[in-house]
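S.K.: Read off the chains here:
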Amino acid sequence: AQSVTQLGSHVSVSEGALVLLRCNYSSSVPPYLFWYVQYPNKGLQLLLKYTSAATLVKGINGFEAEFKKSETSFHLTKPSAHMSDAAEYFCAVRRYNQGGKLIFGQGTELSVKP
Amino acid sequence: DTGVSQDPRHKITKRGQNVTFRCDPISEHNRLYWYRQTLGQGPEFLTYFQNEAQLEKSRLLSDRFSAERPKGSFSTLEIQRTEQGDSAMYLCASSEPGTAVSEAFFGQGTRLTVV
Numbered sequence: 001a002q003s004v005t006q007l008g009s010h011v012s013v014s015e016g017a018l019v020l021l022r023c024n025y026s027s028s029v030p031p032y033l034f035w036y037v038q039y040p041n042k043g044l045q046l047l048l049k050y051t052s053a054a055t056l057v058k059g060i061n062g063f064e065a066e067f068k069k070s071e072t073s074f075h076l077t078k079p080s081a082h083m084s085d086a087a088e089y090f091c092a093v094r095r096y097n098q099g100g101k102l103i104f105g106q107g108t109e110l111s112v113k114p
Numbered sequence: 001d002t003g004v005s006q007d008p009r010h011k012i013t014k015r016g017q018n019v020t021f022r023c024d025p026i027s028e029h030n031r032l033y034w035y036r037q038t039l040g041q042g043p044e045f046l047t048y049f050q051n052e053a054q055l056e057k058s059r060l061l062s063d064r065f066s067a068e069r070p071k072g073s074f075s076t077l078e079i080q081r082t083e084q085g086d087s088a089m090y091l092c093a094s095s096e097p098g099t100a101v102s103e104a105f106f107g108q109g110t111r112l113t114v115v
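So the protein sequences, as listed, match chains A and B. Counting in the numbering used here, the first sequence runs from 1 upward without gaps. Counting in the numbering used here, the second sequence runs from 1 upward without gaps.
These aren't lab readings, by the way, just hints derived from the structure by calculation. By construction, the Cβ of each residue, glycine as well, lies at the ideal position given by its N, Cα and C atoms. Hints may be right or wrong, so weigh each one.
[Stated by the list, open to error] Pulled a few chain B residues facing chain A out of the computed Cβ check, cut under 8 Å:
id	residue
1	101
2	103
3	107
[As the list claims (entries may be wrong)] Which residues of chain A face chain B? A partial, calculated answer using Cβ under 8 Å:
id	residue
4	32
5	42
6	46
7	49
8	51
9	90
10	101
11	102
12	104
13	105
14	106
15	107
Could you build all of it, start to finish, from the sequences and the hints given here?
M.R.: Set out below in C-alpha cells:
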C-alpha cells in the first residue's frame, strides 16, 4: 500500500529565508509524485510533479523538488520565501496503474513572517 | 471561467437529511474524482469516473454515499441520512484522458456542515 508522510504540520520561516517542506513516500515501486498548494478559500493548485524524466523538478512560483529514491523522499524547496507563499502544501503520490487517484499527505501549513 | 466548478460552495444541513452536491469538470476531461477533506488533513480519495463509468470506490464511501455521472459530463455526490461525521470539505477534480501524469484540476469544494 502507498502512503505519504509530511514531516511537520506547521512550518514558519522569515521572508527571504529558505523554505523546506518534507515529504516521504512509501511505495513498492517508484510512483509519480506531486506537490499541491492550497490557498484559503481556493482549490488545490499543482506546483510541480515528478514523472521519472528528471530527479530535480522545477515548478511554479520558484519552487522545486528533488526525487531521491534512496531516501524515498520528495522534499519541496524555495530559496527565498515571499509573504504570498503562506498557504497549505500537500504532497501526493499516484501509481501508474491505479486510475489516476492521488494519495495525499496530511499537509504542511507554511507561515511567512515579515 | 473554464475550471472545475462545484455547487453549492457551502451547505448546512440537519442530521438525518439528504444532501446532493454537483461538480462540473473541465470540458473534455473524461476522468472525474471526488475527495473528502477534513480539518487538518489532506484530501482522501472517495471515488472516480472515467466517462460515465464509476471505476473505483473507496472503503470510505459507505452505502449512504452515492455518486453518479450520467452522461459523462457533470457528476453528483449524494449523502443520505447525514451524520455529524460527514462534516467536511468535498472536493471534485478532473483530468484529461490518458496517462497517470495528467494533472488533476480541483474545484474550490463544497463545505458541508451537519448540525
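S.K.: Kindly indicate which numbered hints from before are broken by the structure, ordering the numbers from low to high.
M.R.: Hint check: nothing fails, all pass.
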